[in-house]
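What follows is each chain in one-letter form.
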Amino acid sequence: MAAWIERQKNILDFTLSSLLRRKGKNLALLVVYILLVFLMASVMLATSAIRKEASLVLREAPEMVIQRTVAGRQDPIPLSYLDQIRDIPGVMSCEGRLWGYYYDPVVGANYTLLVPGSGEPAPGTITIGPGVARTRTSGPGDIVEFKKVAGGILELEVASILPDRSELVSSDLVLVSPEDFRAVFGSAPGLATDIVARVANPRELVTIAEKIAGRLPDTRIILRDEMLRTYDAVFSWRGGILALLLLGVMLAFVIVSWDKASGLSPEERREIGVLKAVGWETSDVILMKFWEGAVVSLSAFSLGVLLAYVHVFFFSARLFAPVLKGWAVLYPQFRLIPFVDVSQLTALFFLTVVPYAVATIVPSWRASVTDPDAVMKGLR
Amino acid sequence: MTRRTRLFGLFAFGVLALFALMAAHAALAVRSAGQGLLEEARLVRELGLTDLCLSTEANYTRHLSLADFHTPFQDHPLALEHFPSGALFGPPPHLRRSHGRLD
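Chain order of the listed sequences is F and R.
First residue of the first sequence? That's 1 in our numbering, and the numbers climb one at a time after it.
First residue of the second sequence? That's 1001 in our numbering, and the numbers climb one at a time after it.
Just so you know, the hints here were simulated from the structure itself, not pulled from any lab data.
Just to be clear, a hint being listed does not mean it is correct.
As the list claims (entries may be wrong) - Now the stretches of chain F that chain R is said to cover, found in silico as 3 or more residues with beta-carbon under 8 Å:
#1 115-121
#2 159-172
#3 285-294
#4 335-343
Stated by the list, open to error - Rough simulated footprint, nothing fancy, chain F against chain R, three-plus residues with beta-carbon under 8 Å:
#5 1013-1022
#6 1030-1042
#7 1046-1058
C-beta: ideal position from N, C-alpha, C; glycine also.
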């Protein structure tokens, strides 16, 4: 056993000196490799953390949201629909919600104005989300102006700011009283933005949704399960730009591996030829190349994953922020909770380390089984 | 063992230690995030929120799960998607389900 360990140590030592002889090339390769792993791991860590947090937080979302659609667009829903929904057996409660989007021309940001179902702010006052407070540089006691639908300005005093730790769900919220909401948007008293319903038995949700859709054919219903599934699907590997980004990175990785697998440089061939000539066995050469692949790929994987962890959980995935932010002025500064999915990291390991290690060994094996003289002369 | 191998050993040990630190940080952060998650869940329940606030530039990326069939067309049937976040988030699965085979 001691001899085996000694042999590994000697071969590792030789491998390191061999890598250092081609310092520039190997360093460049390592940097590119680290970047590829960093990008893939950043996407994986960020999406898995968002998915997990969404699944924990949105468990408390309304069981059912009923919207009215007219000509393909959402339209205010008459509150008279409430009675028709309440009549359905199994519906525990339902109520109209008042909410809407407000564009603030002062700073160019979009807010979500919402009237809370209970504990609404007193008329003339608002409670704002941390993102709104940051964008407007407003605090309790400050005045925020809103354009009224009928013309003129409505001045509302900031009563309080929602907690920073809730930024992921509340960054752009402005909680207002129903009176102020109607003054800003002008919606009629008999109309709401949508309706939320609670049912007694969650297993009856789909049946009740079908009954509502039958009674009120101009509505569409979104169930809580669908909200939860949305985040699961949107942040899966297959969705949107994430898939494109991963595809690009994977392609770059395939090119790096292919370059390695397609053949050795003349210098590397000569090295193998010399080693064979001085008595190294084919297995020794392969072992050396295994160590070479392992040193490079394991270093790149570890450093890439560590950097991705710092990027996502200490710097809030700042590299991805421009895409999420888009043209918006108000950008939530949430700090993701490090729900690390070990199975994803394992998948990343097998996706990046194993192909590279194999790609390093195969051409060396081909060179080491041929005649050293021919290898050194560059005939094979 | 040469100096080179010793240095590499130290590097490998350092990386392993950093991985251990990462795991410890993740475990501690998840544990200490409990209060924040409860706060978020309370707000979601009390205000009847339906979505995470990840982007505020377009209504269908602010409220992903409430996006409707009209979303891809915006202002007219051939309007092109022009919000960067719209490229990041795909449509919610309940908009994509098929209602029956047509062939």
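Taking each numbered hint in turn, which are not upheld by the structure, reported in ascending numerical order?
Result: hint 3 breaks, nothing else.
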